[in-house]
Structure formats: structure tokens, C-alpha cells
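> If you want the building blocks of each chain, they are given just below.
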Amino acid sequence: MKTILATDCGSTTTKAILIQKDDKAGRYRLIVRGEAPTTVESPFEDVTIGVLNSVKEVEELVDRKIIENDLIAKDKSESEGVDIYISTSSAGGGLQMMVAGVVKNMTAESAARAALGAGSIVMDVIATNDKRLPHQRIERIRNLRPDMILLSGGIDGGTTKHVAELAELIAAADPKPRFGSTFKLPVIFAGNKDAREMVAERLKEKTELFIVDNLRPILERENLKPARDKIHDLFMEHVMAQAPGYRKLMSWTDVSIMPTPGAVGLLIETVAKQENIQVIGVDIGGATTDVFSVFEDKSEGKPVFNRTVSANLGMSYSISNVMAEAGIPNIMRWVPFKMDEKDLRNRIRNKMIRPTTIPQTLEELKVEQAIAREALRLAFIQHKFMAVGLKGVQQERTIADAFDQAATGTSLVDMMKLNMLIGSGGVLSHAPRRAQSALMMIDAFLPEGDTMLAVDSIFMMPHLGVLSTVHPEAATEVFDNDCLIRLGHCIAPVEKKKKKPGNHCIKIKFESGREESVEFGTLKLLEFPEGKKEKAIISPERNFDVGAGFGKELTTELEGGVVGLIVDTRGRRPFEIAKTEEERVQKLTAWNKSLNIYPDER
Amino acid sequence: MAHAYTPGLMVTQRTVLRKERRLPLKGKVLIDKISTQVKAEDTVARTELPGNVLPYNLAGKLGTAAGDVKNSLKVEIGGKIEKGQIIAETKGFMGLFKASARSPIDGTLESVSDVTGQAILREPPQPVEKDAYIDGKIVEVFPDEGVVVETVCSFVQGIFGIGGETRGEILPVVNDPAEELLVSHITPECKGKIVIGGSFCTSEVMKKAAETGVKAVVVGGVDDEDLKKFIGYDIGVAITGHEDVGLTLVVTEGFGKIAMANKTFKLLSSKKGSMASVNGATQIRAGVMRPEVIIPIKLSDDDKKIEFKESGMMVVGTLVRIIREPHFGLIGEVSELPAEPRQIETEAKVRVVKVKLQDGKQVLLPRANVELIEE
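Just so you know, the sequences run in chain order A and B. Everything in the first sequence is counted per the numbering used here, starting at 1 for the first residue and increasing by one. Everything in the second sequence is counted per the numbering used here, starting at 603 for the first residue and increasing by one.
Derived by calculation from the structure, the hints in this document are not laboratory data. Note that the structure is a prediction, hence the values are computed from the model and not measured. The reader is advised that the hints may include incorrect statements.
Within a straight-line C-alpha distance of at most 30 Å, the following computed DSBU-like cross-link-like pairs (lysine-lysine) qualify [stated by the list, open to error]: (1) A:K204 <-> B:K676; (2) A:K298 <-> A:K225; (3) A:K193 <-> B:K672; (4) B:K958 <-> A:K56; (5) A:K56 <-> A:K298; (6) A:K417 <-> A:K587; (7) B:K628 <-> A:K176; (8) B:K676 <-> A:K206; (9) A:K65 <-> B:K951; (10) A:K65 <-> A:K21; (11) B:K630 <-> A:K204; (12) B:K628 <-> A:K204; (13) A:K552 <-> A:K532; (14) A:K206 <-> A:K193; (15) A:K131 <-> B:K635; (16) B:K682 <-> A:K161; (17) B:K900 <-> B:K621; (18) A:K507 <-> A:K535; (19) B:K621 <-> B:K739; (20) B:K868 <-> B:K810; (21) A:K204 <-> B:K682; (22) A:K579 <-> B:K831; (23) B:K900 <-> B:K874; (24) A:K509 <-> A:K524; (25) B:K830 <-> B:K793; (26) A:K338 <-> B:K830; (27) A:K21 <-> B:K958; (28) B:K621 <-> A:K248; (29) A:K532 <-> B:K951; (30) A:K161 <-> A:K131; (31) B:K663 <-> A:K206; (32) A:K131 <-> B:K672; (33) B:K951 <-> A:K56; (34) A:K593 <-> B:K951; (35) B:K635 <-> B:K900; (36) A:K161 <-> B:K676; (37) A:K176 <-> B:K630; (38) A:K384 <-> A:K225; (39) B:K956 <-> A:K56; (40) B:K682 <-> A:K176.
If we strip away everything but chain B, and leave its shape as in the complex, we get:
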């Protein structure tokens, strides 16, 4: 049977998902018992990031040679310092004409160089906490680093997003996946919620959502112009998630006005009122990350035997999404996978797939231009 490998985005009613919750550097794991149930907001690990450093030209400040600076120190290397405290002072002449240097920050005196006369001052460490992000149970512990949380959930992967991890109740505000999300849909009721839109939203909608206190917006498509207007700059290389715009945005289909895939819309709509964890972080290079909506499901023990399925293979009958013009955004079923390369409109000879669209029409497309809708 003809088949082909193609990557795809996952949209599934039920799956077992594992999330690594690691600290950026070593610290303390707070919940380290396997099988402990955790809530998304529980802190699972904590550490302290070394503070920022500030080079401070002591030799210049004291007017001495670099080699003499260490003899003038009033604080031990590694010792604590306070803003305004004298950290070095020259002996002066007969106790007079002393030159001194005061610390510009609170922190520690990390080092002093004999060669350059430069001191390195370090600000106090910054605490960093990692929460569980999803409701679930601890299934693995990395000593001093973090844990793995497992959950049974409904799971939707988007194609592109902005903004980081957040959490809230699912609130569909449109009735149809092709309906545009409008400013009028963003009501006070949306505050603290994950708002599910349809095909499209403008920068005005995103702005209103952020002002209203919406946690996240999930839509089919956005215009790049609107995105630029909302975040204030052009995204260069696709590494997102750190935008501080008061809102997480998950785009499920792509750029432009594109109806959300019916399956995605139905799944999210059926989850109205459920708590979801959402992350807009996208990285389309080296260790790809896609934005996601995770809705944990409460199941009885019998229901929990869900296994991972092998995915990524396209065969006749597979459901696919067309991801390039023409027919961009349409969903169909693979009806034929010809082995031989065929010539397409551009005159390029490529491997192709025949897709039966939902209206019954058959179209021939480059295999590279479809993606699986993974179950």
C-alpha cells in the first residue's frame, strides 16, 4: 500500500501527554515523589539565577595602578556589598587625600583583576520557580533539576503563537469555525478565560482581549500586519513565547483568514468550562515547538489505558490539511498516492498526492503541501 511520511499537527480528544518541567539551572525539586498528583499552579522546583554582573573600573576610580587595587580593598573578594558602601580606598598621603570607590549596587564583590584593575560586582540572585503547568501526576524526577508531569488530556497543537504559558477556562464565543472573532465578542465575561474564536481576528480584537484580561485567544488565522500592529514589531526568526503583550495567542491554521479546522473547533467547543493550559511559544528551528492547548480529562482508572500510536505516515484515507495555495486551509482525504513524480503548474516535477476535498472535488497536490491532522 502506498504511503508517505509527512509531519502534522496533533488534534486529539484523548491522549497521554508528558511535560518536562526543568529548571534552567540546578536547584531544588519541591515535589519529588513519583505518582504525586499536582495542580497546574503548584510549584514543583525552585532555584536562584545568579544576579546580573556589573564591571566596575576600580583602578580608574581610585587613580591607582591596576596591580595596587587589591591592596586598597575594604571588602573581601566574595563578600557582601551594599549600595553606597566604600569598597576600596587608597591610603592617601599621611592619611589625607584619600580616594575611595563606593558600590553602585547591592550584592557581592565577585572578583578584582590585577591586570585591568576592574572589579566584577554581582547583584543578588533572582529566584526562579517552575510550576507544574498542567494538572496531572509526577512520573519522573530529575534530581536537582525538575520533574515530568503526566496527564490524560484533550490536546490541540497550533501552527504559530505568541506569549507564554497561561491557564484558564475554555470559552467559545463564536458558533462556527468560519466565523470571525470580533471586538463585540470580547465581553467582561471573557476575563481570565481561554477565548475560542473562529477564522480570524484583527489587532483591535487582540488589543481588546488583552485589555479585558483574556488569558488566551485561539483562532484559525491572523494577518501578519495585525500581528505586527499588536506586538509592535516584525517577527524575524520564528522563535516566540517571550512576548510581553498581556495575552497568549494560538493560531491553528496559518496567516490570513482561514476557518479553523472543523475537528479542532468541535473539540474546543465541547470543552466549554474546562480548565486548559495554553502556551503560545513557537520555535520553527532546532528542536521545534508548536503552540498548544492542553485540557486535562478526569477519567476512571479503566479509561486510562491509552497508548501512543505511531504517526507520521500518510496512506489512502488519511485526513490531511492543505497548507499552501491554492486550496490553502482546506481539509480532505488522501485518495491516491502516485509513486512517480508528476509535473505541476510551475513545471516542477515533484511527488504528488491526490486529495478528495470535503465537497467531493479531487485535487492533485505536491506531497510537501499537505500535513496530517493527527488523531
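In isolation and in its complexed conformation, chain A is listed as follows:
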């Protein structure tokens, strides 16, 4: 296998990449990338048109014939066609699910994790204790029209009555699927095995019922895989097949089309495993923002992968929802010039109604990057909320644990322990300067201690995720050499209590003898080229922590990147920008200058 073509059909654009084996170098390389608007819109209600348009761009740029009679030509010759064609997709609104469980914080939450883990959007969580009246729940199920429902509830041998009650609610709602009025809505039951018969009695007539193993067989353990696998199968069979043109696209690809978040998650998980590090990844798209994390769960003693899909946070289709959820003042706090609210509102709406447009002026770029910070921040808040240890589990504690009194169900996300933050998606991958991506990620995620920042070079993590299922070697080689761009380490001390800017904060002493001191309240860029690694001792003042404890020195190996070494002493408890418009403009301009973010602010 020498030539690989991969596409990702996003909600806004379809991206194609061509990968080839470089015989001289003895490894796979990214050759070229093409893109075109996704075509689920009338009069081109066929996703394959966008695919062919993006591949045409690849053909033009690389001078290789790939399309023959409006099909992807395979197994042709050395200079024509491709050997394998694969694709991911999040077009058509992705996979939209509703989940139900008995207890909101336990089985229902496990069910939500299973659905999110499969790359779906969770539209609502119905639980016996969700404080809604039964008829309100029925209304909700009827109105939302999900692609499928995941019903869980009860540990094996536990309650059956409440599970039956949930099944009755679903049956009473008689839900209809989003696509195809002749289909029955798929419902997956992954709850108490003793309730299977009861559930079947209530649902088999009105829905297409599938029964899999309980996703929470005992309180202390989640078993999400069977439910996730079933979701994947049904996604392919039902949802994809109903979306415009997907049946055709499915017949073209050599392996099943993967939901985009599923593919990116696979890749992030692999990175964490291979390098044995704790990672956060984010993929910010037009309609959704997906956050992935791998952190060690102390109670389990092993890394735990979590994924959340924030369905209505994105940079085009969902941009107005970012405005609605974050509020205008929160977006405005990132805009480095004076602007009135009316203007900002209209710009956001215009992007929503014409989602494929791109910023042409610097001012437009700055506004777009301000909105991106809020979309990322909100998606991350949702992720932290979902990425938790199992709730309701009694933990045995030793005396040593007495000082570490974390309750069950606390978030696994620990920014101080984070080793790498990876950004992907149009606004991060295509930012004209890499430093812009670095600062957007720092502002939105507020990393603590020392954290490597990286971006997906040209937004190809979805492609490589699906490639890793058929050709892991090619996926790894391209990921390491062409995809992952290291921007550099970010060092961010955390203060014990609110501090005034101006006082000395940390000192960094490099092995080479170089020393750098940084005062509190600034953002500083230190030269540290890509590929360079050097040991350093970071000494914080006594009320600051960089990972070893307040006032304690941290010995670590720092690595450079295309941006350099960023020292962020702007504070974390809390991170504040400004109280007045004037102060805001002055501070943001100063920070932008210090990282040389925009050409007009040197």
C-alpha cells in the first residue's frame, strides 16, 4: 500500500489529504491537502459532491489523476488513483442521542459517558431523579427527535421498577427518528440484566430495540464498550445511511466511515499511551467542539480516557450559541480594540448565516479568535464536569489518604499534572501565526505548571485517527512528522492568593547557565527553538507553585517549539483581564505584543 486518500466531511468543509510512502526516506508522508465546502445543502444535497470537489483540489495541486467517472479510482498504477480511501464525518449534525438512566449522577451519567465516548452529541439526559415531571420527560423525548436512545439503569440485580418506568416513558412518547419516517427509532438497552424482559415487553413493538451488557454492572465498575460498539454499528446502519449521499460515500470507502470525534479521540488516546503522559486534546469545529482527556484516575490507578462533544459550541453553525452561552461581555473581554456591542452581534450573526466565510481583515481575525477563546473555555468547563471518577462509590482510605480528601466523583482533570495540550480544528490549525493558537489555548484552558502546547498542523487528526485503524504505521509516521507541531512549553505559576502585579514571581535557571526572571502579572516569550531540549530549575517565590508545591523548586526538562518558551504569570486565582474597556485594550495589546501575535502590534 503506497498511496492513501483520506477525507473528513465536516459540518462546514470537507478536507481531503493524500499520503504516500516516500521510498527514499522509508516512511509515509503527507503530500498535499485540499478542501471544499461540504455539500449537504440544496441544490447539492449529496455529501459526495463536496468529497469530489476536495479531491479535485488535491488532484490539481499534486498533478495526479484520482477521480475517474466521478468515482475515486483505486488500484490503477504508480502514478494514478489511490490504494485505499477512508473517511470520517461529522456532517449532517453528527450523531445525536438521548440517554436515560435511573440516577442522574450514576447510571445516567455512565450512559452519557458511553454515548459521548462513541462520538455522539447528548441532547438530553433523562433520569428518574432529574426533577422533571413524567409528562415533561415525555414531551422532551417527543420534541427532540434523537437519532437513537441509550437506556441504562440499575446495577445487575438492582432496581427493575425504575428501569421499567423509564421504558414506559419512552414507549408513551413513541419517538420518531430524525431521518426517515418509515424507520423505527433504535433504542439500546444497557442496564440491569434482570430488567431485559420488562424492557423488551414495553419497547419492542414501538422501537427497534437492541440489548447489550449492562454499562454499570456493579457500582464500582463501568463497562462502556458494548454500548459504545452498538452505538457505532447503529450510527453506520441508520444515521449515516439516511444523511444525503452517505450511502454512496459508504460504498466508496474501504473501511467504515468513522464519526470525526471518534477518530480524533482514538489518536489522542494513542499519543497518551505511547508517550505515557497526561493529555488534553481539543477539536474546535463549525458546529461542535470536542474535548478529549487522558488523566490518571487515582482510585483505579490507571489512565482514564474521556471525551465530551459540546454540540452547540462551534465557530460557524453554532457561533451564535457561543454568544448566547458565554454572553457578550465574556467575548468582548478578549477583543483588543474598542468595539460596540451592536457591531459584534451582527458580525457573529453574519458568520452564522454564512458559515464558510473566513476573516479577511486583521480586525475580523481578532474578533474570531476572541469568540474561539470562549467556545474553547465553555467546552472545557463541560468536559471537566463530565470527566469524573465514578460517583456513589465508597472508597477505602488509608491514613495517608486522609490529607487527600477528594470526594468521589471529582473531576479527573488536573491542570498542574497536564503534560500536553493539543489543539485541532480550523481556528487553531489554520491561525496565520502559530503563536495565535498558543495564546488562544492558554487563555481558554489556563494551563498550570509546565505544559507542552501543540497543534494539529493542517487539521488532519480525524484522517489519521481512522487511518490508525487500518494502517497504524502510516498513521504514526505522518502524525509524528507532519501533523503534530510543538509550539513550546508554557510555564504558568499558580498563586496562593490574589497578588499584585510587578513583584518577582519565578526564576528559571537553565543547565547552560542562562537565567530568566519573570515578575507577576505578565506574559513573556523566551527564545527556545524547536527541537531543543534542556534541563532547567524553576524556582517560584514562596506563594507560588509550578508543580512541586508552593515555594518549591521544580527540576524539569523543557522543550522548545515553533513559538518558543512562554512564561505566563498573569495569575490563575482568578485569571482576570480588566475592569474597564481602556484597561482591557491596553492589557490585551501588551500581551499580544509580547508574543508577537499580530503584524500590526509589533
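Chain A is already provided as a structure; the job is to place chain B on it using the hints.
Showing chain B alone in chain A's frame:
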């Protein structure tokens, strides 16, 4: 010849348009003969939506075990019930101390659960009718589901709208596409009409229009602030059409004060007095819908041979609308389509298009920032 694919909105003097008129669930098609001429207001299909359901805790009400509830029923499962009617009653002790449960609604007793003791009551079905929406003829019938109506018409697609399907006479009230639609333009004469404005209207104008009984307003642009003021909330995800604000609004260009494209304005102005079908429903995700103004044309048989043209390709000479700052809202003609990506002000390297504006000035823009004005 250089070309590029780009989507666009249709503004056309004459086209053949087909509209699917399907019921949300199966029912009866009332006009099922192909070629039947229909008026917009004719009902083409009818069905009944199952009524709302109401869970009713019978076991709790009767104070019995869930398993015993079925034995206490006074109504058969599936049977009709009336509000206040006793639907279940315990035997009591020697005929005394009976507990009973009365129906809170008119409808049917759909089911009773042995496990939870819960009854599901269903309200009577709600009739749903589908009208033809446009004057035209039936060209396809989906048995039990609906029809396709075809019409020869002038057709204008907007970029964003609110409010659902409506119908009325076209009434231009401004003289220039750049003129703002003012409260003073909304006179009693506008009642029941499709009012064509120019560049912009405020929430006060929309409010006055709704109060006057205007069916729809078509303008170049609106401010988001005004829209929020008029409908009472911020639109999150762009799925509209269900707003109940007494008015359908079609925005042809975008948010802000933007003159309506000359071609659109001229076309709509020339249709003064014609009946039009208008829909504000917009969905910018998964199965995109744009708001529309459809004005059926009466033609002789010879004129009806109009064919669909392939569209979506941009070549030198194509008329385009600039859809992002700077130059937002201006119309021009493609003068060059350079193949190689070029660096723009933001420093991004993108594929570009050179556009000759109406004043003769040439501007270089990202290809993503123009859209076709489809003929």
C-alpha cells in the same frame, strides 16, 4: 477556463419550482390526481397527530400494589375516558372504604403497568392539515403522505428569516434598495400584504408591521439587537420558522444595514400586486433551508419549457455578492480566478478571487467570502 464551486442564493425571474407537501406522519392525501391545479390555500393532505400523553400514578392514587391495579380498572385498556370519570376503584372492605381514581382528561386509557402501577392516558388526537402553499399543479403523489406541487414562478431566496409559511400580495413601499424601511411606511394599506423594504428595519418597524397585520416583511438587513428585541430572546442555533410573532421576516443580505441587491429589489418591485407565498424558516445545518419568496407566474403553454440549469460554478464574468467585511454586501463581477493561494491581510494564505465592483474598482478576496447570485 478557471472556475470554482461556491454556493449561492437564487434570485430569478422565472424558474420551475417543486415543493414537497408531506404530512409529519401517515394520513390521507385529499388531492391525489396528477396534473390537478391547486391554489395555495387548498388542503392537500390531512392526518391526526396522536394526542399528548399523561402518566397517572394509579397505584399511588388507589393505595394498592402495582400488580393489583389492573384488577381495579373500571375502563378497558384502549377504552375512551372522560374528565372526571372513575377509571379505577378498589373493592374496599365489605363494599366500604373504596378508593377511586378519576380521569384528569378526556381521551383514552392507553396502558397500565403491572410493575410501576402507572397508567398512561392519552388526550384526543389533534388534526393536522397540509395546504398546497403555492399555486400550481400536482406532479407527484406519495400515497398516505402528501404531494409535490409544481409551479412556474419568480423566486427569491433570502439568507435568514423568522416566522413560518404565509401568503399575500406584494407591496413595495420604498423607492430604492438602499432606503430604510420606516415606521411611517407601514400604513393600513399594508394589512395582509408582503411588504418590500429596502436596506434595513428596526424592531419598532417589525412591531408596527405585526400590529398592522402585515403578513411578511422583506428587507436587506436587520440588526441582531432589533431582532432580539422583537422576538424576545437570542437565537442560539440557527433553526427558525416556528416563531409566533405575528409576522414572517425575510432578510435578503445579512445582519446590519445593507442595501438589498438591486436585482432582488427590481424583481420584487416589478411584482407589485402579485400574490406570493413566503416562508421565513431558516436552517443552517443538516438539510439547509433558506427563507423564500415565491411568486407564481401565469404563462402560456409555450412559455413553460424552462429547464433547470447547472449552477454553483464560478467563472470569470459571474455575478457575485461579497459576504464578509470589508466590502460586505457589495455586488461585483468575477474578473480573475488565480489558481495559486495568495496571502491576505491576516497573513493567511488562501485561494482568492478578483472581483470588479460596480464602481469599477477591483478587489482581491478569499473565494470563501463571495457567493453567487444565481439566475
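> Determine for every hint whether it applies to the structure shown.
Results of checking the hints against the structure:
| no. | hint | in the structure |
| --- | --- | --- |
| 1 | A:K204 <-> B:K676 | holds, 28 Å |
| 2 | A:K298 <-> A:K225 | holds, 21 Å |
| 3 | A:K193 <-> B:K672 | holds, 26 Å |
| 4 | B:K958 <-> A:K56 | holds, 27 Å |
| 5 | A:K56 <-> A:K298 | violated, 50 Å |
| 6 | A:K417 <-> A:K587 | holds, 29 Å |
| 7 | B:K628 <-> A:K176 | holds, 13 Å |
| 8 | B:K676 <-> A:K206 | holds, 26 Å |
| 9 | A:K65 <-> B:K951 | holds, 25 Å |
| 10 | A:K65 <-> A:K21 | holds, 17 Å |
| 11 | B:K630 <-> A:K204 | holds, 27 Å |
| 12 | B:K628 <-> A:K204 | holds, 21 Å |
| 13 | A:K552 <-> A:K532 | holds, 25 Å |
| 14 | A:K206 <-> A:K193 | holds, 21 Å |
| 15 | A:K131 <-> B:K635 | violated, 52 Å |
| 16 | B:K682 <-> A:K161 | holds, 27 Å |
| 17 | B:K900 <-> B:K621 | holds, 18 Å |
| 18 | A:K507 <-> A:K535 | holds, 14 Å |
| 19 | B:K621 <-> B:K739 | holds, 10 Å |
| 20 | B:K868 <-> B:K810 | holds, 25 Å |
| 21 | A:K204 <-> B:K682 | holds, 25 Å |
| 22 | A:K579 <-> B:K831 | holds, 27 Å |
| 23 | B:K900 <-> B:K874 | holds, 15 Å |
| 24 | A:K509 <-> A:K524 | holds, 16 Å |
| 25 | B:K830 <-> B:K793 | holds, 24 Å |
| 26 | A:K338 <-> B:K830 | holds, 23 Å |
| 27 | A:K21 <-> B:K958 | violated, 44 Å |
| 28 | B:K621 <-> A:K248 | holds, 25 Å |
| 29 | A:K532 <-> B:K951 | holds, 28 Å |
| 30 | A:K161 <-> A:K131 | holds, 18 Å |
| 31 | B:K663 <-> A:K206 | holds, 28 Å |
| 32 | A:K131 <-> B:K672 | holds, 28 Å |
| 33 | B:K951 <-> A:K56 | holds, 19 Å |
| 34 | A:K593 <-> B:K951 | holds, 22 Å |
| 35 | B:K635 <-> B:K900 | holds, 21 Å |
| 36 | A:K161 <-> B:K676 | holds, 24 Å |
| 37 | A:K176 <-> B:K630 | holds, 19 Å |
| 38 | A:K384 <-> A:K225 | holds, 22 Å |
| 39 | B:K956 <-> A:K56 | holds, 22 Å |
| 40 | B:K682 <-> A:K176 | holds, 25 Å |
In terms of the numbered hints stated before, the structure departs from hints 5, 15, 27, listed from lowest to highest.
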